[in-house]
Structures are given as structure tokens and as C-alpha cells.
Amino acid sequence: MTVRHPKADVVLEVDGLTINYGLMDGSLDAVREVSFQLGRGRALGIVGESGCGKSTLARGIFGALPPNGKIVQGRVSIAGQDITAPSPLLERLRWKELSFVPQAAIASLDPLYRVGRQVAEIYEHHQELNRRAACERAAQMLLALDLPATAFDMYPHELSGGMRQRVVIASALALRPQVLIADEPTTALDTLVQHQVFERFNAVRREIGTSLILITHDLGLVADYCDDILVMYGGEVVESGLAAHVLFDPAHAYTRELLNATRRLGPSVRVNGLADLLRRQTPAVAAGQTPKSVPRAPSSYPLSSKPVPNTPLIEFDRVVRIFRRKLGLFRRGVQEIRAVDGVSFAVNRGEVLGIIGASGSGKSTIASMAIGLDRPTSGSIRLEGDAPTGGDASPRSVQLIFQDPYQSMNPIYRIDWIVAEPLRAGQMRKRLPRAEIRRRVSGALEAAGLRPAENYLTSRLHQLSGGQRQRVAIARAIITEPHLILADEPVSMLDVSVRAGVLETLRELASRRDRAMIYITHDLGTVGFICDRLLVLREGRSVETGPCLDVLEAPRADYTRALLNAMPGHKLRQPESIRA
Amino acid sequence: MSTIQQSTIVSGLSRKGIAPPSFIGALGVIGAFVLAALLAPLVLGDDPFANHFIPGGGLARYQWPSPAFPFGTNVYGQDVFQQTMLGAQRTLVIGFVSGAIIMIIATLIGVVSGYFGGLTDAVLMRITDFFYAIPFLPFSLIFVHFFGTSLSSVCAAIGLIFWRTGARVVRSVVLSLRERQYVKAAKAAGAGPIWIMRYHIIPGVAGIALLYGVFGAAWAILTEATLSFIGLSDPTAISWGLMLNQAFANGAIRFAWWWVVPPGVSLTLLLGALFLLARSIEGAVDRRLAD
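Chains as they are written, first to last, in the working numbering: chain U, 1 to 580; chain V, 1001 to 1291.
Don't read these hints as lab results, they were simulated from the structure. Just to be clear, a hint being listed does not mean it is correct.
As the list claims (entries may be wrong) - Using 20 Å as the maximum straight-line C-alpha spacing, the simulated EDC-like pairs for lysine to aspartate or glutamate come out as follows:
#, chain 1, residue 1, chain 2, residue 2
1, U, K96, U, E13
2, V, K1184, U, D374
3, U, K96, U, E128
4, U, K70, U, D25
5, U, K70, U, E124
6, U, K96, U, E124
7, V, K1184, U, E128
8, U, K70, U, D29
9, V, K1184, U, D404
Stated by the list, open to error - Beyond 10 Å from chain U on every Cβ pair, some chain V residues (computed):
#, residue
10, V1097
11, A1186
12, W1195
13, R1254
Ideal Cβ placement from N, Cα and C applies to all residues, glycine included.
I would like the entire structure built from these sequences, with the hints used as guidance.
What follows is the structure, encoded as C-alpha cells:
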């Protein structure tokens, strides 16, 4: 059921919109007959997985489709005026009545101008204010979004990601448009920063009465900030209505699937009991709409806290890593950055340690040192009793899984080559016979959940989905039979519905007796699913460490509490509150 | 979004898989010259300096183009058509060999310099700067003086100088390639520098190196013609530059157009074709980089 508003209260109406992409071989309807109404001052969340057409829909409404995209049917109107692109009216209304924050908008700031000027320019251009008045308005807008007054005269590179995002949002809201379309506005940000940006953004938006269309894959954000919801699958709307209704009582199987995937990864997963959740797992979606990957039922899971053997596989002892940076061309001296500042921990065999921290907390430096690509300035790292020898000479009993499966593998090679690379290039190689390499590649692919392996051996990366690619990365990491696997945000780039499956595979691989895993993330949402113990980092120091459940349930440090608080989707995890 | 990153240079020439006409035309012209160079000795005989006589017994000097001599004859009664066709041999060999030398040196220097950076980079790039400072003609005068005017020494003289621009450009591409995630991933998996350069860097710069190889070939051909024209070539080996040199030396450039036009037009055609070929490769490389 679409939400219907009284005629006078509808600011944006989309009616039967179909958008078609011309491709090399034929064409594709990326959006099919989508209709909805956006009420004045309301927020509508459009959710779905990558490829469902939600970004295309946003661009279609704003008239910013790529050259091969075309609106073939339907109409878009704002306050009763037809603005179906391409229309001259739309040109005039853009930014004034309808503005857009595209994906990766942070990069859209001009590095050569101070950010305040960039916002002021909008007022100068659209409202014909003189420079002084425009700057005043711009400064007010930046202040409204909680930017410090000094930010006005700074260049984009001097601002953090969160601050730049605030500037982008400030310029989108500058002319008090009736409608703002935001496409994944905060995906590049840490949870904590995302929370702060969103809280402020939402407050300003309500104050000036702008309606919001939020394009996201995160049901949690929709639950927290949106009034209405539209669920898309394969270019079509599968369900829509009041967010509270749909999220509390989803009618469509696909929505239920998404919701379960989100809930399953919530921090309280162990409390509810994994088995219980798996039992409640919905069967695959209606015919013809099977999601890309339905997680397999895991074989036998240690549901209670399992006994952990007491032999550390890797041990950090008061590790400090200092980076020195020259201050500049004309300034003497060096700046010291203590990226890691006296961190100690040990990971035992058969255990998964979660390292949590925002960007800049030193978690990636810890990963580099654990794998031997970097050395501590002081302190020691012992891997299976010995220090890693560093550089290329270290035996690869540690392998790393990278965050972005689209970037971490060379696209010119076939899957079998990619998976075999660590075996052939690494120091572990003993000139293995070709048949043996082939056998191990197949074994690794199947262990990573790509079976039968023959179907994937000769494929190329671009033929695989994000989840499949990350499984290839996992196969690549386990082929040398490493004792320690380091996973650096392995699922943050993946759709919610495939995250659980990939994490299950990782969990299974790490729970082997002789193996351990370090799971690095800024997202507390997934740690409950996979980690035994947690280490919370802040600016290079460990602020809290303990068994996963204890940390999530009863955090001792304020910082951990702040992180937990910032996670979107509180309402999702407490269904009672959504009903209210 | 799928990309066409995995496509080869040739299939990257056009998104639709059809090569652009300039590419086909360029290949056609180059192919025709290769064919001429291969067939000429068989069809026309392999002595470009054979003298032809008129029925009366005198040398067939300055004969206008005729069925017997399609491009006429020169002052020595030699067949200009035959000389032009045979001259293609030396020109093509020099273009190919020098182009290959340029491509190999440029790739090696650029890849090593860009990948290792630091001191290696500084040293190699200063050497490159040094080669930029060498003026070509004086250098080749001295080089030819010591090493003779043989085919190999001319190729060496050209190849040893003109790798400099290619090396700089290859280095700049390597600087961006080495920061790719998959290079870091390979390092993390234990791959050494040789492995990474062989499998991750060189395939990425192959297109741009080929582009500079083709440009190098064009430069080499032009340079060889220049050297021959100023008299720095083997007088017993026919080449287009030598033909122009002799026409000039005999003061024939003003009236015996049939002696001058064939080598001049051949040079222009071949250089133009190589340039178009390079442009097509450039387009393909750009598209690959864009993807």
C-alpha cells in the first residue's frame, strides 16, 4: 500500500516511472512503473540492494541520468508541476525546490576554493545576493549543521570526511528546497560520525520543512529517520507504506528477508540465540525473485561460549608505532603521529578477536604489523612464538582479506589465477605441480562457499556479484593454509543479505583448532555475529577489551557506549518501540 | 558494473568491437609497404644500383616514367621504382628494431623507476634527464663515426636516445598502478617485486609502452632519412633518405620530380600511417584507463 496524502500535502509525486538503459546488446528497464507520493516535510526511505534500481530512480527524478538512460514512461511532478526530465522547468527548479546529494558527494567539493565560498556561491548565483550577504547566509547554514566557525575559511582537504559531508548537505539545503534526494549520504563515514551527521541533518531538515528521499541499503537508518518506506527489488517496488508498519509487519517475503538479515547482524544476536534466529529465517523469496545468495544453514555451531585453548597464536606486547612527518617546506621539525600507542593483546587458536575503532584509531596499522608489512617502533609482536621477520621474508602463516572485493584483485586475471597467486608468488611456494595447485584452488574455492568450484575457475571478476567476489578473496586468503586470518572490514561493501552468509563462512574457517582470526571493523553491527572477544581502539589506545557479549551488553568505556548508541536501527532491534 | 578492463588492446579499439577506419587504413598502408619490401627482390631483382641503358648504348639518364620504368630513372640510369620498393626494407627494419629497442628500454626504466621509487627512481630519472640533454644529430655524427653506418649501429644510435619520453610516461603510469589495492594485496600475500612487476605492473603499462614504441618507430624512420639525407648512411644500402640525398646532390630536386616524389611520398605515407596507428592505440589505452 502506497501512502496517500491529501492533495495539498504532496510535494513530489512519481507516477508509473519506467527508466530504460540502452546497452551494447539491447536495453534494460532499470526502474519499472514506480509510483509514490512524498508528503510535505516527510522523509521517505527507498531501500534495496545494489542493482535494485534505487540510485537510478533518484537520478531519474533529478534529471541526472547517464547518457544511455532514458525515462520511457511515467511522470514526475513537484507541487503539481510536471518536471519529468528533460524539462526546462526542472532546470529552473533544481537546487531551489529539488536538490540532490549524490553518492560519494564528498568528492564533489572543489579542492581549490574555501568551503564557505562554495556554499556562498549558491546564494550569489540563485538569490542574487551580494557577496557579503551570501557569505553571511552560508556561514549560518554551516553553523546550523554544527560545523565550527573556523570551517568557513578552510579548504576541503583540511576537513574530515564527516565535516565535508556536512558542507555538502549544507549546500544542498542552502536554498531551502522542498525536496532533497540523498543517495547513500553517509556510507563513507564511520558509524559514530554518521550518527552525528544524521542527527543534525535531520533536525535542520525538519526545521526548514524540506522533505527527504533517502536512498540507502541500511534498514536501520530508515527505521530511525524515515516516516515512509519503499522497498525495491529488481527495479520494481515490492512493498511500501509507513516505515513503522512495514518494518514491524512486513508483508512481502523480500522485505522480511532484508529485515532478518539486518536484525541477525545486530549486536544482540547472541542474546536472542543464533539457532532461534536461523529457525525464523524466511524461505527464499517469491518465485523469480530469489536473492543472490541465501546463506546456507551452518553445520554445527558453538552456540554457547566455547572453550578457548590457551596457546596464543599472535601476541602484541605494548606495541607502539610512531609515524614521523615533516611539518612542511618552510617549517623545521617533524610531527609525530602515534598511530598505535601501547596496545597489548593476544589471539588464541580457534578464536576470533574483533578490533573495533573509527578511522584513524590505528586498526589498519595493527593489521599491517601483524602481517609483517610494517614493524612496531617499540614493543614486540610474537607470531606463534617468533616475531614476524617483516617484509617479503616472512612465512605466510598470516593472510589478509581486504575490505573492497572490487579493488583488491586484479581484474585482468581469471579466478583460478587470482586464487592461486599467494601459493605461486608467496614465500611458501615449493614449485608445486600444476595439478596440485589446481586441486588446492578448487578446495579453497569450495571452502569459501563457491561450489562447485569448476563453475568459477575460468570466470572473471566482473562476472561475479560482490558477495561472490569477497568469497574469491577468502579462497585466496586460505589457500596457503594460514594460521591467522586478518579480515579488514570484509563485509562492509556487501549487501546486507549476503553479509551473513560470508560471515558464516569466515566463522566456520576460523573456528578450526589450529587457526585464529582478527576481525577489524568500525561497525559494531557485525561483531556479535562472529567475534569471541573484542578490543575497542581509540586514537591508537585500547579503551576496552573483553568477551564479545560482555562488551556489547555492558560496555565499561564511555567511548564504547557512544559507538553502540550511534548504531542505526535501534527501533529495529526493539520492535516494541516501533509500535509506539 | 562490469568493466572492459580485461579486454585486449585491439578489442579495446572500439566499444562496438569494430576497429575505427583510421586504424584499418594505417594497418593497410603499413602492410602494403611490408609486402612491397618482401616481394620487391623477387619481382624486380635485388640490385637497386643496377644501371640501365638505352638501346643506343648510353646510360638511361633521367627517363620519364614509362611502362618499363614506372617511376622513371635517375642520373645513373637506375630504376627509381625498384629503389623505392627496395628502400622500404631498410626503412621498415629500422623502424621496427628501433621501436622495439625504445619500447623495451622505456618499459624497463619506467617500471623499475616507478615501482621502487626513492633512490633508484632519482638515479634513473636523472639519467633520463641526461639523455634529454643530448642533441641528437651531433650525437649521431660521433656515434656513426665510431660505430660505422651499418643498419645495427643506426638502430642503436636511435634506440639509445629516444626511449626517454616513453620512460617518463611509463613511470608516471606505474606510480598510480603501484598504489592499487591488488598490488597491496599481492604484497600481503607474499609476492616479491619481480612477481608484482611481471604480473601486475607490466600488463598495465603494456598499452602505453606500445604507443611510445610506435611513436619511436616513426621517429626512427624520420631520423634515419635525415641521417641519410645529410650523408650519414651506408652508400651501398638503398634507402629513401639516400635517394633524396643523391637527388639533392645532383641538383635534380628542381626538375626530376619523379626521382624526388616517390621516396618523399613513401616517407610521408608511412609516417602518417604510424601516427594514425599510434593514435588508435592511444584511444584504446585511454579507454582502458578510463574504465
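Tell me, in ascending order, the numbers of any earlier hints that this structure violates.
Structure breaks hints 5, 7, 11, 12.
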